[in-house]
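Engineer: Starting from the structure of chain A, add chains B and C where the hints point.
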Amino acid sequence: MSDQTADSSVALFERHRAELKASKRTMNLIMLAAFLVCLALSVWISQFYPERLASGIPRIFEYFGTIIPDLRWDTLLDGRTEEGRAVPGSITYWYTDFWVYLELIWETILMAITATLLGTAVAFLLSFPAAANLAPNSWIYWVSRRFLEICRGIPEILLALVFVFMIGIGPLAGVIAIAIHSAGALGKLFAEVNENASSRPVEGITAVGGTWVQKMLYGVVPQVTPNFVSYALLRFEVNVRASSIIGFVGAGGIGQELNRVISFYSDDRVLAVLILVVLTVTIIDLLSERLRLGYIGRENFA
Amino acid sequence: MTLATVTAVSDAEIAAIRAQHPGVFDTPGKIVRRWAPWAVAVLYVFWSLWYFDIARFFETSDRVLSLLRAFVVWEDMANWQYANIYRGIAETLAMAFLGTLLGTIGALFVGFMAARNIVTFAPLRQVVRRFLDILRGIDQLVWGLVFVRAVGLGPLAGVLAIFVSDVGTLSKLYSEAIENIDRKQVEGVKSTGAGPLQVIRYGYIPQVLPVFISQSLYFLESNTRSATILGIVGAGGIGMIIIERFRASLYDQVAFVVLNVLILIFAIDWLSKRVRGWAIGAQER
Amino acid sequence: MLKLDNLTRRFGDTAAVDRVNLEIAEGQMVGIIGRSGAGKSTLLRLLNRLTDPSEGQILFGNRDIAQLKGRDLRQWRSDCAMIFQQFNLVGRLDVLTNVLTGRLFDLPAWRALAQIYTPAERAFAVQALDRLTMAHTALQRAETLSGGQQQRVAIARALAQEPKILLADEPIASLDPLNAKIVMDALRTINQQDGITVICNLHTLDTARDYCDRIIGMQAGRVVFDGTPAQLTQGMAREIYGAEADQAFNEAATSTSLASGPRARAKEAV
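Chains as they are written, first to last, in the working numbering: chain A, 1 to 302; chain B, 1 to 285; chain C, 1 to 270.
With the rest of the complex left out, here is chain A (with noise of 0.2 Å):
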């Protein structure tokens, strides 16, 4: 008797084994079908064949030897000769256009700069509107919110293009383009941060007689106003990025001058290019950050 039960609960258990075991490998196999379907596609749409790989990659290596800049030990340090010559195989010689390439780097930061104050500004002022909690009525907060997504949704590079053409090259148009994008993404942080506010002050100001304006200024702005720094210097960092690259499409600062390296000449001048703007990229980050931190601490504990 209970040999009998012991062994149909043996095979009640095994019989769900194998179904369960059944079913999930059927849901495998659809999962892995679906997948190489996907890679299928991918590979004949995008020409990814191997043969093509096979002939592309050694010349990936073949680019990335040009650029290697031909120093020499001897004359590394070398600087101008009397004639005002740079000396061959020295860094001077390198670095050519290295007042250049600074004065650009100069120009992508201060484009960082007003682009991210630019947008802070709008995004500032449109968050209040577009946090649920705060809004005066619901179709200013839809437009609002609208309003803020579209201006994230547009990648920053096609803004730039469009503003190149419209207002002609030069860093206005990467400045316009990286502020209008700023204030989307801005917008969107600064009115979550706005709904996770306190209702409370913003009641007391309402109790005394303020006017809408007055509960933003006066019951929500002191509470949220650490985040709002702390988002808007990452916001900073993010930005150097993008200006030091939206001169690909003739919108100022470095990237111009990395497209032109890269695009007319093979030569060490790419890399040379290439150091400095990594270089300022981490130096800036790391310069936000201690910044940042150092607000945050300052905010915590005064």
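Rather than coming from a laboratory, the hints here were simulated on the basis of the structure. Wrong hints could be hidden among the right ones.
[Stated by the list, open to error] The calculated DSSO-like cross-link candidates involving lysine-lysine, where the alpha carbons are at most 27 Å apart (straight line), are:
1) B:K172 to B:K190
2) B:K172 to B:K273
3) A:K188 to B:K273
4) B:K172 to A:K24
Predicted model only: the values in this text are computed from it and were never measured.
Structural biologist: Okay, now just chains B and C, sitting in the frame of chain A:
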């Protein structure tokens, strides 16, 4: 003592309170300190806009008008090469898929090499990590440009650009996930006498796989978005179609393609939000 | 004179405040008692128009407060100060600025925006703080103060409004007995010295008995008792509080043990 109205506060009272609580009142120094940052920011913005030649923004030339017109008035729509446009969109998706897949495979190897608990030989690990820093420090678009120079125009350059920048970022995330695993499970596998590869297969992979998959899916989403613009430097996809039409002054078609790109981007956002929501729900169940 | 006529507020199907008719004379100190959920808070919020009435009138003089909009509404709110259980100060602003927000209604928009206050306004704010012996904290952040101190700052903010009426929604429910006494004494003094009408929601019975000229009992949104403390019998109170009666009386016992004879003391205090 009762409180009068604010208008009844006499100068003598103000003087008395000023003597007792001087901090309450404004001093020139305080006013300067309060307004100086704002003044600096505003002056800077005005100066920099002047420096960037803001005046140009207000000169509406014929080009601007024709561009704005083209965004509204679409002509000769029957002859637009739709096949070409939608092929570009398909190419964008394919680039993102292949790039992310290759990046994931690459990051699997490099990620283990950058993890402190796998590679105990510090110099090697440091070399790998600095190498990853460099891959990450260079923007995806720059990689695109470089690969266009190296392998020519087309989606191959785009796939390689996504691959390289993904290896840089994903490897770092993967190595962090590997470093955060539970030691005890690994020791359990080791105690059975498994070799190093078996330890990775049975001790590490089961723990880190869910993290890896979710990170890669997230990257698939963001790569689809960035693949739309890689074409602007010639690395294939829809961006290339935009730039070609732009150069050919076919602005109404540019407007159409840009609209398609926006729809694509919003669709991806929506879809991935759904997928993530579904995945979180499935995990909780 | 404040007159409520058939004042009703419904949330969905339930009436939080149900056809309330009251007349409150100028200079009275009124305590509203009742168990939680009886509609005390909603009634007070209706008076300040933080909540809009569903029906009925609120008459002050011959104006219907229930119909006010825009600037008139804000003017009413500035005339009718409110104190909250959780103080509702702006934690990250200093105490002085918190008190100065009481002046917002009378400020030109640009001055409010730029947060510029005249010396007279600042002195007035310090005087208001000084009445509650809080002037020394003027430059501290409000969130660094204790609950009792924050409530006193909130009262100073209310005074800075130069109100005609002072509403207090459970002003002592979050405070310890000592601070509760300080706050209630302050409200009583303001009522007596400045002649400001004070309407105060109280959870505990004995506080209401000790401090108020008139007690209003509410139950399920309706006024079920309206009279002097002497008229409020033990049986009546039990009916108002229902199941919470024991708790209300017990709490009263603890918080009034410190406030023995507050009527006599309130006059000399502050």
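Engineer: Hint by hint, note whether the structure agrees.
Structural biologist: Hint-by-hint comparison with the structure:
Using a Cα cut-off of 27 Å, the hinted pair K172 (chain B) and K190 (chain B) holds, with the two alpha carbons roughly 25 Å apart. Using a Cα cut-off of 27 Å, the hinted pair K172 (chain B) and K273 (chain B) holds, with the two alpha carbons roughly 24 Å apart. As the CA atoms of K188 (chain A) and K273 (chain B) are separated by approximately 16 Å, the hinted pair is consistent with the 27 Å bound. Between K172 (chain B) and K24 (chain A), the direct Cα distance comes to roughly 32 Å. Violation of the 27 Å bound is thereby established for this hinted pair.
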